[in-house]
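So you can see what is in the structure, the chains are spelled out below.
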Amino acid sequence: MVDSIMKSAVVVFPGSNCDHDCYHILKHVFGVETEFIWHKEERDLSAFNFVVLPGGFSYGDYLRAGAIARFSPIMKAVTRYAGDGGRVLGICNGFQILVEAGLLPGALLHNDTQKFICRHVYVKVENAATAFTRTCSPGAVLKIPIAHHQGGYYADRETLSRLEANRQVVFTYCDESGRGGEAANPNGSMNNIAGIVNEAGNVLGMMPHPERVADPLWPDVDGQRVFQSLIESCASPAL
Amino acid sequence: MKLSPDVTVNVQIAREHGLTGEEYRRILDLLGRIPNLTELGIFSVMWSEHCSYKSSRPFLSALPTEGPRVIQGPGENAGVVDIGDGLAVVFKIESHNHPSFVEPHQGAATGVGGILRDIFTMGARPIALLDSLRFGDPADPRMRFLLNGVVEGISNYGNCTGVPTVGGEIYFDDCYNGNILVNVFCLGLIKADKVFLGRASGTGNPVIYFGSKTGRDGIHGASLLASAEFDESSEEKRPTVQVGDPFTEKLLIEASLDLMKHPWVVGIQDMGAAGLTSSSFEMASRAGTGIDLDLDQVPRREKGMTPYEIMLSESQERMLVVVEAGHEEEALEIFRKWDLDAAVVGRVTEQPRVRLIEGGDVVADLPVHVVVEGPLSLKRKIRRPNYLDEVDHLNLNDLPEPDRGDAALKRLLSSLNIASKEWVYDQYDHMVRLNTLVLPGSDAAVLRVPGTSKAVAISVDCNSRYCYLDPFNGARIAVAESSRNLACSGAFPIGLTNCLNFGNPEKPEIMWQFEQGVQGIAEACKFLEIPVVSGNVSLYNETRGIGIFPTPTVAVVGLLEDSRKHMTQWFKRTGDFVGLIGLTIEELGGSEYLKVMFEQVCGGVPTLELRAERQAQEFCRELIGKGFIASAHDCSEGGLAVALAECCISGPGQPVGAAIELESTIRRDAFLFGETQSRILISFSGERREEILAAAERSGVDFAVIGRVGGEDLSVTFNGAEFIRTRVEVLRNFWKGALGEYARQVT
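Listed in order, the protein sequences are those of chains A and B.
Residues in the first sequence are numbered consecutively from 0, following numbering that gives the first Met the number 0.
Residues in the second sequence are numbered consecutively from 0, following numbering that gives the first Met the number 0.
Where hints are given, some of them may not hold.
Stated by the list, open to error - Calculated lysine to aspartate or glutamate pairs in the EDC-like style (CA-CA distance at most 20 Å, straight line): (1) A:Lys114 with B:Glu421; (2) B:Lys420 with B:Asp192; (3) B:Lys336 with A:Asp219; (4) B:Lys336 with B:Asp257; (5) B:Lys594 with B:Asp139; (6) B:Lys571 with A:Asp219; (7) B:Lys564 with A:Asp219; (8) B:Lys302 with B:Asp5; (9) B:Lys525 with B:Glu151; (10) B:Lys564 with B:Asp84; (11) B:Lys453 with A:Asp214; (12) B:Lys336 with A:Glu34; (13) A:Lys114 with B:Glu740; (14) B:Lys380 with B:Asp192; (15) B:Lys190 with B:Asp81; (16) A:Lys114 with B:Glu151; (17) A:Lys39 with B:Asp391; (18) B:Lys564 with A:Asp214; (19) A:Lys39 with B:Asp192; (20) A:Lys142 with B:Glu421; (21) A:Lys39 with B:Asp388; (22) A:Lys39 with B:Glu228; (23) A:Lys142 with B:Asp425; (24) B:Lys212 with B:Asp139; (25) A:Lys114 with B:Asp425; (26) B:Lys594 with B:Asp391; (27) B:Lys594 with B:Glu372; (28) B:Lys735 with A:Asp174; (29) B:Lys571 with B:Asp425; (30) B:Lys594 with B:Asp425; (31) A:Lys39 with B:Asp340; (32) B:Lys453 with B:Glu696; (33) B:Lys380 with B:Glu21; (34) B:Lys625 with B:Glu696; (35) B:Lys525 with B:Glu508; (36) B:Lys336 with A:Glu40; (37) B:Lys53 with B:Glu421.
FYI, nobody ran anything at the bench for these hints, they're computed from the structure.
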């Protein structure tokens, strides 16, 4: 449990469906005061310690995942909040929206299997010095499920080199022992990328769902590391 | 069918609408006049087999529908069963067979949409979907197309609505070559005192339409597509299949649940089969009222739609709600928030008639009871089919008894009916909403009940090969197996819903199968004290005179008082003992072994003694409740050998072996591959061995310790001779990849 003044917002788009799950984990597992924000609201978010864009199918993923949601009124406020250094966590559809909104580089393509995939995978923490991973040991392997149809991370060569050089690649798909490569890549993501952070380090997008492995009722709780890191970094920003 | 709205109706036009001459005469008698075309259209859908249950209703009264936990039995959109803590579960299973054969993706998707609406219409939050799917001969390339299309349709629709698909079953059999089955189950959670019903009460109250606009799609889906056999022209019926919009469905779920928080909601109903017609007539009928519908107010996709088209459209994702007068604006405000079309389209009237008004004129005016209660219950003829005399013999002496069982075990594990269904459930979001305690791949799905310490377990089952050989006992087995699956997860059964898929009811042999199937479900449910709270009948699953095997699919819902005490099927620890609950009888009739190894479907169905069944289930639940055991798995298709292999290879981690020693006087292939019912495999640590043996003694159940968990092989010795020894890694490879490899083949 954390200091009761910690506040988070979970943005609800039409078609969001992991909004309740994120709310449940933040509020009931971590004791963060959490509020749903309807996408039509154009309110100032500065009172929140962090903002979560949850998974789901905003606008049915019609057109392209996240392509319509980025025009929602709340996204102006999210962009402003991120520009002011506010911490934003985009999970799955939230990641897709952040990319469409230009808050993160690259694009998320259809899985190379051309199928929706829902299963537990392993991801390696490539950068443990971010606000979203600071409670992880460098190179740690986390077991977190994915559930998406458009999760193949794509960026042009130049962007990819920049991401790698700036250590913006935070999570990559791997096997149980931390080995990357084709066999451990579930969706055709370039360089096995599962999650990236922006250059300033305050906006993270990831395809795996940490909120699905954060409730102690289940045996797997690796997702707690992401929320724990975020909460600690909000409480004491300096690492 | 292109007819001018002004055409004078006659018996020929009635026949083209699927009504019989006798039914048309009855309409004339009851109305005292000739109906106009719109009215005839209304009769044709409401009196169709699909909506009226005219063939099946007389038989369904055999089913036990009452129990201390039952809040709502059959007759509403879904059944409701009390689970304590002020909560109840709402559930139903429904078919979408014909549409899925004609257009697999949309047919299956709209099947999911329809059953979801049945659940949230009652005020419940849908928390779980399961599917029972049947395809024909895998060698037919069309089956691969249908499998891919159906799974993709379910995946697309279910995932987008944020309701997890947590389990189900898939079978392949030649009998489904011309008629695949797509049965979809949904369960929702509700406050026990907040159940909404589809009633249009209160004269003067507004009737509000919300959801998608009405288009020209799906007209005659219920009457012509669902209520007739398939033939050469089935392809032409593709336009009667609706197209699903899961995003709008998601908005409908949230808007409806928002709406139903308010005390001024009077009654609500979704527009499923027969669309605006069935929803308005049924809501009025249940309340003993009437409705004036102003068709000009109905949101439409295109101009120029006639009253006939508006009333018969089966456009998806539409709802009808009655609210107290004066609260229209508050209701509309909720729909605006969710960007849904909505309009006040009518008023509740005292006169029990539904009147349709267009441009100020009454264009149809029908007494509610004539339309809803008018169809005659048909007294269908019944005759025991002759084929039964040809298939009921199986002489085991005609079957060579194999020296070893490895080859048969491998073939069974890679049979598409037994192989892992991972390729399918990987495409379904089975975790969203964080309730799924047992992921797909165990005997039953288990979901926690949020806000309580409880969990619900769900299993959907039917072995139609058994039902073909003996519909009465096949149906009993379906109920027994489904509830046994719950027992293996630690739950006790609290209610059942069924989807009765049969052939053409106009054939006496089909109605005999139907009657026997219903009687079988009834007997097993009475004995095991499981009330039937909802269901669906799907007839005419027949193409060019060839019907499917009788397939009375049942879904049983169970309850665990303590969610932490749920159990899974796979072995957990090396060194544990393996025990078998239940007696094995020398039989192979109707088994997957007989089909796969000898290409025969014959013999008596496996023995099921209901008293032994109940004992086995109670004993298993007792052991789980006391924390004595580490796994429990039902023996079903493929018998003991397949069940043992699954215990070794179906867990999430590395497979683990087992060494089994059996002693018996019966044939070894019958012991290992026969499908005698009421058998459960358990594993437990040595410390519990004496307690478990003592408990078995007390309960009177047949029980034997048959081996130990460990090693890299599954080995079985039978009367001292080795019968099976194969590395579990090898077994897993046969089992795990078969279905995906089949589905991905390019032809």
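### Message
Next pair to validate is lysine 453 of chain B with aspartate 214 of chain A; report whether the Cα-Cα distance is within 20 Å.
### Response
Holds, at roughly 16 Å.
### Query
Quick one, are lysine 212 of chain B and aspartate 139 of chain B close enough, alpha carbons at most 20 Å?
The given pair, whose Cα atoms are some 39 Å apart, is violated under the 20 Å limit.
### Message
What's the verdict on lysine 142 of chain A and glutamate 421 of chain B, does the C-alpha distance respect the 20 Å limit or exceed it?
### Response
holds (19 Å)
### Query
Going straight from one Cα to the other, do lysine 594 of chain B and aspartate 391 of chain B come out at no more than 20 Å?
holds (14 Å)
### Task
Starting from lysine 336 of chain B, check that the Cα of aspartate 219 of chain A is at most 20 Å away, please.
Violated: lysine 336 of chain B and aspartate 219 of chain A sit about 37 Å apart, past 20 Å.
### Message
Can you confirm whether the C-alpha distance between lysine 571 of chain B and aspartate 425 of chain B stays at or below 20 Å?
### Response
violated (23 Å)
### Message
Need the status of pair lysine 380 of chain B, glutamate 21 of chain B: alpha-carbon distance at most 20 Å?
### Response
holds (17 Å)
### Message
Next pair to validate is lysine 571 of chain B with aspartate 219 of chain A; report whether the Cα-Cα distance is within 20 Å.
### Response
Distance ~16 Å between lysine 571 of chain B and aspartate 219 of chain A Cα, so the pair holds.
### Query
Taking 20 Å as the top limit, are the C-alpha atoms of lysine 39 of chain A and aspartate 340 of chain B close enough?
holds (17 Å)
### Query
Between lysine 420 of chain B and aspartate 192 of chain B, is the straight-line Cα distance small enough, at 20 Å or below?
Violated. Lysine 420 of chain B to aspartate 192 of chain B sits at ~38 Å, over the 20 Å cutoff.
### Query
Does the structure keep lysine 594 of chain B and aspartate 139 of chain B at a Cα separation of 20 Å or less?
Holds, at about 18 Å.
### Task
For the pair supplied as a hint, lysine 625 of chain B and glutamate 696 of chain B, confirm whether the alpha-carbon distance does not exceed 20 Å.
holds (16 Å)
Hints 2, 3, 9, 14, 17, 19, 21, 22, 24, 27, 29, 30, 32, 35, 37 from the list above are not met by this structure, while the remaining hints are.
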